[in-house]
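Given the sequences, and given the hints that come with them, work out the whole structure.
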Amino acid sequence: MDTLTVEPEQCVVSFQEVSKRYQSKDAVSSLSFSVPAGKVVGLIGPNGSGKTTTLKLMTGLLRPTCGSVQMRGEAVTRAGASRRISYLSDDAAVYSFYTVGQMLDYYAGMYGDFDLQKATKMLSFMKLEAHEGVRILSKGNLGRLKLILALSRQVPLIVMDEPLSGLDPLVRQSIMKGLISFIDLDRQTVVLSTHEVDEVEPLLDVVLLLEAGRIRGMAYTEDIRVRYGESMVGWMREVLET
Amino acid sequence: MGDEFKSSQPIYFQLVQRICRQVVRGELAAGEKLPSVRDMAVEAGVNPNTIQRVYTELERMRVAETRRGQGTFVTDKRALLSQLRNDLMTEQITDFLRDMKEMGFTPQEIVAGVQSYLNMDGANE
Chain A
1218 MDTLTVEPEQ
1228 CVVSFQEVSK
1238 RYQSKDAVSS
1248 LSFSVPAGKV
1258 VGLIGPNGSG
1268 KTTTLKLMTG
1278 LLRPTCGSVQ
1288 MRGEAVTRAG
1298 ASRRISYLSD
1308 DAAVYSFYTV
1318 GQMLDYYAGM
1328 YGDFDLQKAT
1338 KMLSFMKLEA
1348 HEGVRILSKG
1358 NLGRLKLILA
1368 LSRQVPLIVM
1378 DEPLSGLDPL
1388 VRQSIMKGLI
1398 SFIDLDRQTV
1408 VLSTHEVDEV
1418 EPLLDVVLLL
1428 EAGRIRGMAY
1438 TEDIRVRYGE
1448 SMVGWMREVL
1458 ET
Chain B
-14 MGDEFKSSQP
-4 IYFQLVQRIC
6 RQVVRGELAA
16 GEKLPSVRDM
26 AVEAGVNPNT
36 IQRVYTELER
46 MRVAETRRGQ
56 GTFVTDKRAL
66 LSQLRNDLMT
76 EQITDFLRDM
86 KEMGFTPQEI
96 VAGVQSYLNM
106 DGANE
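Protein chains in written order, with the numbering used here: chain A, 1218 to 1459; chain B, -14 to 110.
Treat the hints as calculated values from the structure; they're not laboratory data. Built from N, CA and C at the ideal position, the CB exists for glycine as well. Some hints could be false.
[Stated by the list, open to error] Cβ-Cβ distance ranges computed for the label pairs, FRET-style:
1) B:Gln2 / A:Ser1382: 30 to 38 Å
2) B:Ile78 / A:Asp1440: 27 to 35 Å
3) B:Glu(-11) / A:Ser1249: 30 to 38 Å
4) A:Glu1291 / B:Glu87: 55 to 63 Å
5) A:Gln1233 / B:Pro20: 38 to 46 Å
Structure, rendered in structure tokens:
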């Protein structure tokens, strides 16, 4: 199985033998991996493979049944995590009675690390209007707003669950472009889950492949091409077929 | 996104090749400033770390050089540019000859084929 070794000083978050059990079933089991700092990590795998559970464990929204999730040597807790991790969930709470501008202000008020200037720059880059009601935003614009809220927090780890899901190809491209334009990899690490494996590959430094709650492989995306002579989709297919 | 990449080779490698071609073709002039890492990343639709690797590799090849605080520039040293041009030609010829030999063409046939094509091409200009 392809694995990635990360030096402890380079590690932003690590999972050690993490399992999450619901009733009699393991949503994820024996997850052990490290996320290297300053990289964009893609979490991929079939539906039901445990991607969302893994991200929630990473952000402290779920507690492991066993094993530990650590950030810089400290166990990740919900309270501690919110200060160091920005989490964009698939069904992120965006207050429908606010305008776009008010959402930014709300975040600025709630998080001391929120960079309002950056958020405003991103707003105009994404061509969003501050006065628009969040309630009437198109799916695409809602996706753009969520990206802005996630990236404008100056925290070491940004976690995004399916940031491109349900969006048309042009919107997906513009969101990826926004991510490339505004991510600060000198200070931040991004972990995102996705189904759009082909499209997102050029964005990723590292890929983590899950299936049925277990890790099936983790590698640098460029190494996959060097070692196997194929893209991520080809690698994913090969690994899952063995 | 913006660009299409072959899946058999690392993306950074393909971008290095593309930039080298642009230099030899004169699309990128000697001494010209390359886009910032971030601008190139957006343009190519790739991770900024990948572009950083591209620029580092170009520097290692001495096709480009980074000046602190200013950016990355195509080399202006004629000898290096000339070397790059020759290297690209050698690469093309090697690939071409390998393909032709695999198809069973003899060196004489290859030379005659290339010569006649060039003559035809010259006649058409």
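Status of each hint after checking the structure:
1. Range check, glutamine 2 of chain B to serine 1382 of chain A: about 34 Å between beta-carbon atoms, so the 30 to 38 Å window is met.
2. Separated by about 30 Å at the C-beta atoms, isoleucine 78 of chain B and aspartate 1440 of chain A satisfy the suggested range of 27 to 35 Å.
3. Checked against the hint of 30 to 38 Å, the pair glutamate -11 of chain B and serine 1249 of chain A passes, with Cβ atoms roughly 36 Å apart.
4. A beta carbon spacing of about 59 Å between glutamate 1291 of chain A and glutamate 87 of chain B agrees with the range 55 to 63 Å that was offered as a hint.
5. Between glutamine 1233 of chain A and proline 20 of chain B the Cβ separation comes to about 41 Å, which falls inside the hinted range of 38 to 46 Å.
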